[in-house]
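A.B. asks: Here the protein sequences come in this chain order: A and B. Under our numbering, the first residue of the first sequence carries the number 1, and numbering increases by one thereafter. Under our numbering, the first residue of the second sequence carries the number 1, and numbering increases by one thereafter.
Worth double-checking, as some hints may not be accurate.
A pair holds if it fits inside one copy or across any two, identical chains being indistinguishable in the list.
Keeping only pairs whose Cα atoms sit at most 35 angstroms apart, straight-line, the calculated DSBU-like set for lysine-lysine is [stated by the list, open to error]: (1) K199 x K23; (2) K278 x K332; (3) K269 x K199; (4) K218 x K332; (5) K146 x K190; (6) K269 x K71; (7) K218 x K196; (8) K269 x K332; (9) K332 x K71; (10) K269 x K190; (11) K278 x K146.
Derived by calculation from the structure, the hints in this document are not laboratory data.
Protein chains: 2
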Amino acid sequence: MHNELHNEMIVVDGLQYSNWNRKIFEQLREGGVTMVHATIVYHEQIRETLMRIAEWNRHFEMNSDLIMPVKSAADIRLAKQLGKVGIMFGAQNCSPIEDDIGMVEVMRELNLMIMQLTYNNQSLLACGCYEAEDSGVTRFGRQAIKEMNRVGMIVDMSHSGERSTLEAIEISERPIVISHANPLSFHAAKRNKSDKVLKALGESGGLLGFSLYPFHLKNGPDCTLEDFCDMVAGTADMMGIDRIGIGTDLCQEQPLSVLEWMRNGRWSKDMDYGEGSKSNADWPRPLSWFRDSRDFPNLTRGLVERGFSNEDVAKIMGLNWLNFLDEGLKPKQES
Amino acid sequence: MHNELHNEMIVVDGLQYSNWNRKIFEQLREGGVTMVHATIVYHEQIRETLMRIAEWNRHFEMNSDLIMPVKSAADIRLAKQLGKVGIMFGAQNCSPIEDDIGMVEVMRELNLMIMQLTYNNQSLLACGCYEAEDSGVTRFGRQAIKEMNRVGMIVDMSHSGERSTLEAIEISERPIVISHANPLSFHAAKRNKSDKVLKALGESGGLLGFSLYPFHLKNGPDCTLEDFCDMVAGTADMMGIDRIGIGTDLCQEQPLSVLEWMRNGRWSKDMDYGEGSKSNADWPRPLSWFRDSRDFPNLTRGLVERGFSNEDVAKIMGLNWLNFLDEGLKPKQES
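Bound conformation, chain A alone (with noise of 0.2 angstroms):
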């Protein structure tokens, strides 16, 4: 039963780097996935954000019958319409505007959706969740987020600290996302928020999508669904049923290179662990109920399960997403 709801509904995954191929797509099809908010860059700079951009338009060449870019929202009700998957291109750091305030407009009519203002570190945007101290939104940030509202590009503050999470929703005059991270109160990890900053988030109209990343979990790779789907129940008693969605954090078939260029970037010549440590550096093991994009359905499974209405279960899987996106991603003049 749970399946056929699964298959009428709008599914939306607000958060992947996958290894994109062909075989992924196929599995982001039979997984019932209507769009994927997909990671184009960690922190690639212009000229290789247009590189990734470039890659896209290749795969968009080569699997027009599977997948689709995402030029608003409409396009996600095409895609399902369409049976096809939905790509939204988004940003996990700043990089993409470098220290052009006039590469913000730029990188929207190249259909980048959606940008973190921060990973981890220190930005020229704002504070990262992983240094010692934050002193919220910079001078630049303030001015970013202002284009960013204007242009209809979505602020995400996933993996951003705490102090510059709660100043970006407070000055940014269109609701924000923090598209992939979990509840502290459910497990302890940098990139899991408070309940101050959920219910911020929450008051504010934004959105949070819950990671699947097993960091981001309690016990790890060996939570159940049903301590998700109960801190899912929890959440949607905080922050609202309709101010929460999935952002798997699904980053499928990478090599170690690619987890080492998330959290080293550039800028550092000691390895930086990040989530692992150095005799847990690579990547965690899987949950054995979400492997890969195939796996949705479970999603929607556990939610019927924990005693979700179908018409909630519908809004976390990606209703609550769309209508999100329905307004966020239209220039301030139309919206």
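Use these hints to put chain B onto chain A, whose structure you have.
C.D. replies: Then chain B, alone, in the frame of chain A:
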């Protein structure tokens, strides 16, 4: 008498960003300047920095009778001997290394001898003096300081915030400089430095270059030579006679567009007026006793008249800079 003294001395200008041309090189020589720390970039990134270096290579080629590149402290003595003006490259922001720790050594190989960690705003390395709050040296910043120490690139905190400056003094294993600023007690300006910073700088073996930029002086463009020399005397008492020098911040013959580039880079859509204001947006009026590099002998005269011994005048006018660079520019294994 002071002219004779002036001509014997090694005279160092610890910072200048003039609109370099043959006339300005002639004025430097006429003013008896042995070496000038020439800012080559403000917000320029890697590719643009290479352009600036190529422009300098052309200056060296066309004006080899007047100027020469400084590739070590020994070249300063050589410039004195040859009657030429030594040019030492420096950067006022960390933009020439972008996000890449490996660029520290690359830029040092291109003779970038000194680099500010920040220019007014938050950078990837530390916080500038115009941000509302300063959370200190970042994760990347700690690595960058270590690498600068290793290759013999001087850390300059002239435009940094208080906390970042104190932390840089603490973190750096080699003395650092504040190449162009004055004591806050002499004139209240965001760019001037507290006694706490100056004492820590002096105790660590660092160096302060006194600025002649009117925004950093008591009574602005009307500051007298006597007041300036009183400030030097007071700072000598506080920091020690070996810990002070000159860093004029002379920005000669630069158009307003260059001032706007310094202040706004590419980060601001609104006009930022920096040390000026909307009604006072242009370059400040120059000091009557320091209009351009030809007036360097006035500084020697003022210091002599203030009662400094010839030996101490020579230290302030250049010897302290020379001694500092003698040690600071050596790669670590040699020092």
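A.B. asks: Confirm or reject each hint.
C.D. replies: Hint check:
{"no.": "1", "hint": "K199 x K23", "verdict": "neither (39 angstroms within a copy, 63 angstroms between copies)"}
{"no.": "2", "hint": "K278 x K332", "verdict": "between (46 angstroms within a copy, 28 angstroms between copies)"}
{"no.": "3", "hint": "K269 x K199", "verdict": "between (38 angstroms within a copy, 32 angstroms between copies)"}
{"no.": "4", "hint": "K218 x K332", "verdict": "neither (40 angstroms within a copy, 46 angstroms between copies)"}
{"no.": "5", "hint": "K146 x K190", "verdict": "both (27 angstroms within a copy, 26 angstroms between copies)"}
{"no.": "6", "hint": "K269 x K71", "verdict": "between (38 angstroms within a copy, 26 angstroms between copies)"}
{"no.": "7", "hint": "K218 x K196", "verdict": "within (20 angstroms within a copy, 47 angstroms between copies)"}
{"no.": "8", "hint": "K269 x K332", "verdict": "between (42 angstroms within a copy, 17 angstroms between copies)"}
{"no.": "9", "hint": "K332 x K71", "verdict": "within (16 angstroms within a copy, 53 angstroms between copies)"}
{"no.": "10", "hint": "K269 x K190", "verdict": "both (22 angstroms within a copy, 34 angstroms between copies)"}
{"no.": "11", "hint": "K278 x K146", "verdict": "between (40 angstroms within a copy, 22 angstroms between copies)"}
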